[in-house]
Amino acid sequence: MPETTRISALRLTGPVGTHEDIVAWCRAAAASVSGVPNRFRYRVLNHPAGMIVLEGDNEAILTREMEKLLSLLCAFERRGFSALQIAHASRADAPADPRDLPLLYTVSFTAPDDRAEELHRWYDEEHIPLLLGCPYWMASRRFRVDGAPRPGHTEFLALHWLSDIRALSSPERDAARRTPWRDRLAQEPWFRGTYQVHLREP
476 MPETTRISAL RLTGPVGTHE DIVAWCRAAA ASVSGVPNRF RYRVLNHPAG MIVLEGDNEA
536 ILTREMEKLL SLLCAFERRG FSALQIAHAS RADAPADPRD LPLLYTVSFT APDDRAEELH
596 RWYDEEHIPL LLGCPYWMAS RRFRVDGAPR PGHTEFLALH WLSDIRALSS PERDAARRTP
656 WRDRLAQEPW FRGTYQVHLR EP
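Under this note's numbering, think of the first position of the sequence shown as 476, with each following residue one higher.
Hints are computed from structural coordinates only; laboratory data are not their basis. Keep in mind the model is a prediction, meaning the values are calculated, not measured. Beta carbons: idealized from backbone N, C-alpha and C, even for Gly. There could be a bad hint or two in this list.
With beta-carbon atoms standing in for the labels, derived distance ranges [what the hints assert, rightly or not]: (1) 492 - 561: 36 to 42 Å; (2) 667 - 512: 17 to 23 Å; (3) 662 - 562: 22 to 28 Å; (4) 554 - 509: 19 to 25 Å; (5) 554 - 677: 23 to 29 Å; (6) 507 - 608: 36 to 42 Å; (7) 509 - 623: 27 to 33 Å; (8) 554 - 492: 19 to 25 Å; (9) 570 - 599: 19 to 25 Å; (10) 506 - 593: 39 to 45 Å; (11) 549 - 604: 38 to 44 Å.
Throw the hints in and build the complete structure from the sequences for me.
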């Protein structure tokens, strides 16, 4: 994977019972995408939701194809966004392309701009190294989402590729969530994330 790249993503959510309908819509919609070298489809585990991720370095093409997806007739709630990669780390034994792994764990939250520097240091110096100590936690990438959700704040997205769901209940993940540094950050009201487990669609 390139060290610096962009993604555009479309997230869909529907009412109970629409999981397979969302998967089918994403399959058809992704097939209409052109000019993007990498595209991936996911279903959210145990929740009627799905996601299409387009990845490349040509911002204009990504924007064009995301606008195309957003223009398609859709019965589900959806949100499109673009983001720039700001960090990438992986285990030495990770697959050549971790995006081929079956599980994607996403974490997104909004942080005040004056707290972003410490947030990045915590990720880079402590949190990600601890997570990658787990044999199932293969790679992690972080992105800065385009556009300010509100003045003085930035939305960040972390994508974690797992080889086994046991990564989420591993001693290494537990240790990564129980450090003094993490406990201190957790006291701040902005340190509240949205977490989802995705299954990759073929």
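Hint check:
1. Range check, residue 492 to residue 561: about 38 Å between beta-carbon atoms, so the 36 to 42 Å window is met.
2. Between residue 667 and residue 512 the beta carbon distance is about 35 Å. The supplied range of 17 to 23 Å is therefore violated.
3. The given range of 22 to 28 Å is respected by residue 662 and residue 562, whose C-beta atoms sit roughly 24 Å from each other.
4. Checked against the hint of 19 to 25 Å, the pair residue 554 and residue 509 passes, with Cβ atoms roughly 22 Å apart.
5. The hint said 23 to 29 Å for the Cβ distance between residue 554 and residue 677, and at roughly 24 Å that hint holds.
6. A beta carbon spacing of about 41 Å between residue 507 and residue 608 agrees with the range 36 to 42 Å that was offered as a hint.
7. Judged by the Cβ atoms, the range 27 to 33 Å given for residue 509 and residue 623 holds: they are separated by roughly 31 Å.
8. Separation of residue 554 from residue 492 is about 21 Å and conforms to the stated range, judged on CB atoms against 19 to 25 Å.
9. For the pair residue 570 and residue 599, the beta carbons lie near 22 Å from each other, so the given range of 19 to 25 Å is met.
10. Taking the beta carbon of each, residue 506 and residue 593 are about 43 Å apart, inside 39 to 45 Å as hinted.
11. In this structure, residue 549 and residue 604 meet the distance hint of 38 to 44 Å, their C-beta atoms being roughly 40 Å apart.
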